[in-house]
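Undergrad: One letter stands for each residue in the lines below.
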Amino acid sequence: MTPDWQEGGFGLYIHWPFCEAKCPYCDFNSHVAASIDQSAWRTAYLSEIARAAAETPGRTLRSVFFGGGTPSLMQPETVAEILQAVRKAWPVANDIEITLEANPSSVEAGRFAGFRDAGVSRISMGVQALNADDLRRLGRLHSVEEARKAFEIARSCFERVSFDLIYARQDQTLADWRSELMEALSWGSDHLSLYQLTIEPGTAFGARHKAGGLKGLPDEDLSADLYEVTQEICYHAGLPAYEISNHAADMAQSRHNLIYWRGGDYVGIGPGAHGRLTLEGQRLATETYLAPQKWIEAVSTRGIGESDRVIITPTEQAEEYLMMSLRLAEGSDLRRFTRLMGQPIDRTRVNELEDLALVELKDDRLAATQAGRPVLNGILRSLLA
Amino acid sequence: MTDLNRIRNFSIVAHIDHGKSTLADRLIQLTGTVAERDMQDQILDAMDIERERGITIKANTVRIEYPAQDGETYILNLIDTPGHVDFAYEVSRSMQAVEGSLLVVDASQGVEAQTLANVYQAIDADHEIVPVLNKVDLPAAEPERVKEQIEDVIGIEAHNAVQISAKTGLGIPDVLEAIVTRLPAPKGDPNAPLKAMLVDSYYDSYLGVVVLIRVIDGKIKKGDQIRMMKTGGRYGIDKLGVFRPKMQDIAELGPGEIGFLTASIKQVRDTRVGDTITHDKHPTPNPLPGFKPSQPVVFCGLFPVDANDFEDMRDAIEKLALNDASFSSEMETSAALGFGFRCGFLGLLHLEVIRDRLEREYDIDLITTAPSVIYHVHMRDGTMMELHNPADMPDMTHVDRIEEPRIKATILVPDEYLGDVLKLCQDRRGIQMDLTYAGSRAMVVYDLPLNEVVFDFYDRLKSVTKGYASFDYQMIGYREDALVKMQILVNDEPVDALSMMVHRDRAEGRGRAMCEKLKELIPRHMFKIPIQAAIGGRVIARETLSAMRKDVTAKCYGGDATRKRKLLDKQKAGKKKMRQFGKVEIPQSAFISALKMDS
Ligand SMILES: Nc1nc2c(ncn2[C@@H]2O[C@H](COP(=O)(O)OP(=O)(O)OP(=O)(O)O)[C@@H](O)[C@H]2O)c(=O)[nH]1
Ligand SMILES: C[S@@+](CC[C@H](N)C(=O)[O-])C[C@H]1O[C@@H](n2cnc3c(N)ncnc32)[C@H](O)[C@@H]1O
Ligand code: SF4
Ligand SMILES: [Mg+2]
Chain A
10 MTPDWQEGGF
20 GLYIHWPFCE
30 AKCPYCDFNS
40 HVAASIDQSA
50 WRTAYLSEIA
60 RAAAETPGRT
70 LRSVFFGGGT
80 PSLMQPETVA
90 EILQAVRKAW
100 PVANDIEITL
110 EANPSSVEAG
120 RFAGFRDAGV
130 SRISMGVQAL
140 NADDLRRLGR
150 LHSVEEARKA
160 FEIARSCFER
170 VSFDLIYARQ
180 DQTLADWRSE
190 LMEALSWGSD
200 HLSLYQLTIE
210 PGTAFGARHK
220 AGGLKGLPDE
230 DLSADLYEVT
240 QEICYHAGLP
250 AYEISNHAAD
260 MAQSRHNLIY
270 WRGGDYVGIG
280 PGAHGRLTLE
290 GQRLATETYL
300 APQKWIEAVS
310 TRGIGESDRV
320 IITPTEQAEE
330 YLMMSLRLAE
340 GSDLRRFTRL
350 MGQPIDRTRV
360 NELEDLALVE
370 LKDDRLAATQ
380 AGRPVLNGIL
390 RSLLA
Chain B
5 MTDLNRIRNF
15 SIVAHIDHGK
25 STLADRLIQL
35 TGTVAERDMQ
45 DQILDAMDIE
55 RERGITIKAN
65 TVRIEYPAQD
75 GETYILNLID
85 TPGHVDFAYE
95 VSRSMQAVEG
105 SLLVVDASQG
115 VEAQTLANVY
125 QAIDADHEIV
135 PVLNKVDLPA
145 AEPERVKEQI
155 EDVIGIEAHN
165 AVQISAKTGL
175 GIPDVLEAIV
185 TRLPAPKGDP
195 NAPLKAMLVD
205 SYYDSYLGVV
215 VLIRVIDGKI
225 KKGDQIRMMK
235 TGGRYGIDKL
245 GVFRPKMQDI
255 AELGPGEIGF
265 LTASIKQVRD
275 TRVGDTITHD
285 KHPTPNPLPG
295 FKPSQPVVFC
305 GLFPVDANDF
315 EDMRDAIEKL
325 ALNDASFSSE
335 METSAALGFG
345 FRCGFLGLLH
355 LEVIRDRLER
365 EYDIDLITTA
375 PSVIYHVHMR
385 DGTMMELHNP
395 ADMPDMTHVD
405 RIEEPRIKAT
415 ILVPDEYLGD
425 VLKLCQDRRG
435 IQMDLTYAGS
445 RAMVVYDLPL
455 NEVVFDFYDR
465 LKSVTKGYAS
475 FDYQMIGYRE
485 DALVKMQILV
495 NDEPVDALSM
505 MVHRDRAEGR
515 GRAMCEKLKE
525 LIPRHMFKIP
535 IQAAIGGRVI
545 ARETLSAMRK
555 DVTAKCYGGD
565 ATRKRKLLDK
575 QKAGKKKMRQ
585 FGKVEIPQSA
595 FISALKMDS
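Residue numbers (the numbering used here), protein chains in the order written: chain A, 10 to 394; chain B, 5 to 603.
Pulled out of the complex, with its shape left as it was, chain A reads as follows (with noise of 0.2 Å):
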C-alpha cells in the first residue's frame, strides 16, 4: 500500500523571515533587521536543504515555497544558489512549481526579473487593499498606484501571478467590498487568496482590539454576508473557491498549499518552518527555532536548525487530515480517514450535518457545502470534538 502522504505530494517550504517594517495585523514569524548578511543566510539554507535531502532521498518535489516575512527582500543570486541546490538533492516534477512571496513595492519589483532567471515560475504578492486609506490603516508601506505596477512588472515576467487581499477591515460596508473585489478581479489574475483580516494576539492589532479599541470591526453577521458575496462574486468571474480563502482558475491553483491541505509531505527550512515527514512509516512533525538568530547559529554550530520533533498518532493524523481537508471544496476521502483513524467517522454526525445542509457526501468524500464552509470550525467541532 502506498503510504498516505503520497496521495497529497511532497513539497519544500523556505521561510525567509525579515521584512521592511512589521504589519500591524501580522503574527507571522518575521523581523526587522537593520542589516542583514545575505550570505550567511545561503550557507545556512544551503546545509539545511543537504541535511533534509539525506532523509529523503529520491523523492519526486512537486514545489518550493519561499515564504515570510517578506521573501522578495532576498538576493535574486540567493535564491538561485538555493534553487540549484534544490534541483541537485532532489529529483523534480516536470511542472515543478516555484512560488515567491513578494511585496508590492518597486525596489522588490526592481528584483522580479532576477527572481524568473533563478527559477521562481509563480510570484504571490501581499497588496491587501485597493485604497489608500485601508493600506495605511494596515500599515502597508506601498500604494495603489504602486501595487499596481508591481503586478504588472510580475505578470510580464511569470506566467502566474497570485495577489492577496485582506478585507472584513474596520468600517468596510458590503458595497465598499463589492467595488473593491470587482475591481481587483479587473486586474485579470487567475488565482486571488482573500482573507478575512483575523485579530490575532500578540500583534498590534490584537493589543488594541483587547483594549477596546479597534472599532467598526463587522459582526458575525455581516463577516458572514462578506465572505457570501465573495463566493459569488469570485464564481461569477471564473474564480471559483477551491480552498476557503483561496480562489482560481481551472488549473490556476496553488499546488503547493495543495499538499498542506491534502496532507502532503513537506519539509520545512528556516525560522519557525514547520515540516511534515513520514519516515519510516511514522509521521512526524518538525519544527525550527523561531528567532532567525538562534535559527542561524543552530544550522551552523550544530549543522541542524531543527528545534523539535514529535510523532503524530495515527488518530492526530487523521484529525488533521479531516481538518486541512475540509478546507477545500473538493472535500476529504473518508477512506483515507477511515484508514488512520482505524474507524470510520461519526456517521450520526455526519448525517446531522447533512441533514443541515452544511456537507455533503459523495462516494466516501465528504465536503463542506456552500452553506458549510464559512462555518467550518463549527463542522469540524461536531465532527471531531
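No wet-lab data here; the hints were simulated from the structure.
A portion of the hints provided could be inaccurate.
To be verified - In silico DMTMM-like pairs for lysine to aspartate or glutamate, Cα to Cα no more than 25 Å straight-line:
1) B/K574 with A/E237
2) B/K576 with A/E209
3) B/K587 with A/E339
4) B/K559 with A/D372
5) B/K576 with A/E363
6) B/K412 with B/D399
7) B/K225 with B/D274
8) B/K532 with B/D496
9) B/K568 with A/D228
10) B/K559 with A/D259
11) A/K303 with B/D274
12) B/K412 with B/D128
13) B/K568 with A/E296
14) B/K574 with A/D317
15) A/K224 with B/E356
16) B/K570 with A/D234
17) B/K568 with A/E339
18) B/K568 with A/D342
19) B/K523 with A/D259
20) B/K559 with A/D46
21) B/K568 with A/E209
22) B/K523 with A/E229
23) B/K532 with A/D230
24) B/K532 with A/D342
25) B/K532 with A/E369
26) B/K587 with A/D364
27) B/K559 with A/E86
28) B/K559 with A/E296
29) B/K559 with A/D36
30) A/K219 with A/E229
31) B/K574 with A/D355
32) B/K579 with A/E325
33) B/K568 with A/E110
34) B/K568 with A/E369
35) B/K559 with A/E110
36) B/K579 with A/E339
37) B/K574 with A/E361
38) A/K31 with A/E296
39) B/K523 with A/D234
For chain A, the structure is supplied; the task is to place chain B with the ligands on it using the hints.
TA: Relative to chain A, chain B with the ligands alone:
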C-alpha cells in the same frame, strides 16, 4: 473570678459599614490589648472573605481591660457584630450574651434600615443603649441632625450620644467612659449551680470545636465535667480561655464573664447555640429558654462543573457545614446537571459567600441553579409538602393551593427616590404597610413575597436609589398566592436547572427576560435553537437563537496544522465546561448569569 461590678458586656451594632469593626479596633488599641505592631485594620475580620469584601460576617468577641477614671480597672467584653441583614441572627444571639449595646450611627448618613432593626432587637433584649455618632471627621457629617433623627425615628435619648471618629481615634476615651458609667454591670450568683449560655461555636482544625460561652451563675474551671442541657452531651473541659482577641487560657470564669471552652467536641452540629451549659453533677434547676435556631430561607442547587469533582465537593461542603450551622445541604441529582447538592442559606450574600469559598478554598467550579424559597404546597388530599426545589413540584392536578413566605421589609430612602422605591415594591407584588418620614428620608414598610426579593431585589433597589436606600427584612409567615412553575425549554428540551416558581401575573415578563438573556448567553450552534418559557404545556415566551453564520479560520497553511490540532484539543477540554441538553451545549457560566436578572 472578676467582681461583677467591674465587668461590662456589650455588643457593637450598626447598619452595614457604619464603622463597628473600626470602632472595635480603636477600643482594642487604646486599651493596649494588642501590641501596636500587631495591629491592623478591622483586626477582628479575620476570614479572607471578610477582609476581601470589607464586611463582617461572623460576630467576634474580645476581652479588654480598661483602667477607668474612677480608679478601678474594668473587664470589658465586646462583641463586634455583622451589619448585613443575612447575618442578623448573629446579632440577635450576641445580644443575648450581653447587657448593653453601642449603637453606632454614621454621622454622615444617619439612621438606616439595619440601625432600626438592631435597635429594636436591643430593646427586646432589655439592653441599655449608648448611641455613638461615628465618622464625625467627614465633612458631610451632621451630628446634630443625626441626633435629632435618632430621637425622632427611634425614640431614644440621643443628646448625650458620644461623638467619635473611629478612624482618627477622636472621642474613643469617651466611649470607654460611657461603657463603664452608662452600661449596667451583669448580675449573677457565683455560688449557684453553673448556668452558662452557649453563645456560638466554630470549628478549629487544631482544637476541634471551640464554644463561646457567657457565664450567668456559678463558676466554670478547666477539667470540669459539664453537660449541655438540650443536646444532653457530656464533656470534660480541656481548655478554658478568653479572646484577646488571640486565645488566652484562664483558670476560671465566673458570673458575667465571657470566654471559650474546648472539650473534645467533634462537630459544630453537636452543639446548639442558646443551649445551657451546666455542671453534670450539679445541674442548674432553671435552664435558659434557648434561641430560635436560624433557618435557611434561600435554596439553590450547587453542582460541580466537572462531574469528577463531586467527591471533593462533598468533602468541602461537609467541612463548611461543620462551621456554619445555618447552612444546610443535601444531595440532589438533576437530569441535566448530574450529582450535586441542594443547599440552604440565610440569604443571597450568604449563598455567595459559601459559593465563593467552595470555588476558591476548595478549587471547585460550580453551577448554581435558580435560588428558590420554601413553598408550602397543600395537596388535595390534605397533606402539605415543603417545596425546596421547583423541579420537585408535583402535578398541578393534585395541588389545592400553594403558599409562599412573606417578609416585612423596611426601607429607608431619601425623598427624591421614594417614587422609584414604591414602584419597585409594587412591581414585586408588595403590599404597603406603612410610610412615614424622618427628616428628609422616607421610611417605607412593605409586605413582600420573599421569592421576589431573593433574586435581585437588593441590586435593583441599589440601582434605582443610586445606593442611597437601606433595606432590612424579617419573615412574617406564609400566604397563599397564584404561583406556578415556569419551565425553560432549550431546543424543545426542558432544562430542570432553570425552572422556577413565579406568580402567574409575573410569569410572562420573567419568562421573556429569561429567554432574552439565554439567547445572549448560549453560543450560536450549527442550527437555530428555540428558547421557550412555558407553564404546564403552554408557551408564554419564546426567542430564537439563530444558527451560527461565520466561524472559520481564514488562513491555514503548513505551519498552522499543529496550531489547529492544539485548538481542537482545547475544544475537547472546553466541552467539559459545557452541559449537554439534547443537542445543545450550554456553558456553565450561563446558568449563573441567566439568573442574575438586571432588567
Ligand atoms: N472617615 C471615616 N471612615 C470610617 C470611620 N470609621 C470607619 N470608617 C470606614 O468605614 C468603612 C466601614 O468600616 P467597618 O468598620 O468595616 O464597618 P462595619 O460597620 O464593621 O461594617 P460591617 O461589618 O460590614 O457591617 C471602612 O472603610 C472604614 O475605614 C470614621 O470614623 N471616619
Ligand atoms: C506571509 S504574509 C504575505 C507576505 C508578504 N510579506 C506581504 O505582506 O505581502 C501572507 C498573507 O497573509 C495575509 N495575512 C497576514 N496576516 C493576516 C491577518 N491577521 N488576517 C488576515 N490575513 C492576514 C496577508 O494577506 C498576507 O499577504
Ligand atoms: S504582512 Fe507581510 S510584510 Fe507585513 S509583517 Fe507580515 S510578512 Fe511582513
Ligand atoms: Mg464589621
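Undergrad: Give a verdict on every hint.
TA: Hints and how they fare:
{"no.": "1", "hint": "B/K574 with A/E237", "in the structure": "29 Å, violated"}
{"no.": "2", "hint": "B/K576 with A/E209", "in the structure": "22 Å, holds"}
{"no.": "3", "hint": "B/K587 with A/E339", "in the structure": "29 Å, violated"}
{"no.": "4", "hint": "B/K559 with A/D372", "in the structure": "28 Å, violated"}
{"no.": "5", "hint": "B/K576 with A/E363", "in the structure": "22 Å, holds"}
{"no.": "6", "hint": "B/K412 with B/D399", "in the structure": "31 Å, violated"}
{"no.": "7", "hint": "B/K225 with B/D274", "in the structure": "21 Å, holds"}
{"no.": "8", "hint": "B/K532 with B/D496", "in the structure": "12 Å, holds"}
{"no.": "9", "hint": "B/K568 with A/D228", "in the structure": "23 Å, holds"}
{"no.": "10", "hint": "B/K559 with A/D259", "in the structure": "21 Å, holds"}
{"no.": "11", "hint": "A/K303 with B/D274", "in the structure": "68 Å, violated"}
{"no.": "12", "hint": "B/K412 with B/D128", "in the structure": "18 Å, holds"}
{"no.": "13", "hint": "B/K568 with A/E296", "in the structure": "15 Å, holds"}
{"no.": "14", "hint": "B/K574 with A/D317", "in the structure": "21 Å, holds"}
{"no.": "15", "hint": "A/K224 with B/E356", "in the structure": "36 Å, violated"}
{"no.": "16", "hint": "B/K570 with A/D234", "in the structure": "29 Å, violated"}
{"no.": "17", "hint": "B/K568 with A/E339", "in the structure": "20 Å, holds"}
{"no.": "18", "hint": "B/K568 with A/D342", "in the structure": "19 Å, holds"}
{"no.": "19", "hint": "B/K523 with A/D259", "in the structure": "44 Å, violated"}
{"no.": "20", "hint": "B/K559 with A/D46", "in the structure": "31 Å, violated"}
{"no.": "21", "hint": "B/K568 with A/E209", "in the structure": "14 Å, holds"}
{"no.": "22", "hint": "B/K523 with A/E229", "in the structure": "15 Å, holds"}
{"no.": "23", "hint": "B/K532 with A/D230", "in the structure": "14 Å, holds"}
{"no.": "24", "hint": "B/K532 with A/D342", "in the structure": "29 Å, violated"}
{"no.": "25", "hint": "B/K532 with A/E369", "in the structure": "20 Å, holds"}
{"no.": "26", "hint": "B/K587 with A/D364", "in the structure": "14 Å, holds"}
{"no.": "27", "hint": "B/K559 with A/E86", "in the structure": "30 Å, violated"}
{"no.": "28", "hint": "B/K559 with A/E296", "in the structure": "19 Å, holds"}
{"no.": "29", "hint": "B/K559 with A/D36", "in the structure": "11 Å, holds"}
{"no.": "30", "hint": "A/K219 with A/E229", "in the structure": "18 Å, holds"}
{"no.": "31", "hint": "B/K574 with A/D355", "in the structure": "20 Å, holds"}
{"no.": "32", "hint": "B/K579 with A/E325", "in the structure": "18 Å, holds"}
{"no.": "33", "hint": "B/K568 with A/E110", "in the structure": "23 Å, holds"}
{"no.": "34", "hint": "B/K568 with A/E369", "in the structure": "23 Å, holds"}
{"no.": "35", "hint": "B/K559 with A/E110", "in the structure": "15 Å, holds"}
{"no.": "36", "hint": "B/K579 with A/E339", "in the structure": "30 Å, violated"}
{"no.": "37", "hint": "B/K574 with A/E361", "in the structure": "23 Å, holds"}
{"no.": "38", "hint": "A/K31 with A/E296", "in the structure": "23 Å, holds"}
{"no.": "39", "hint": "B/K523 with A/D234", "in the structure": "22 Å, holds"}
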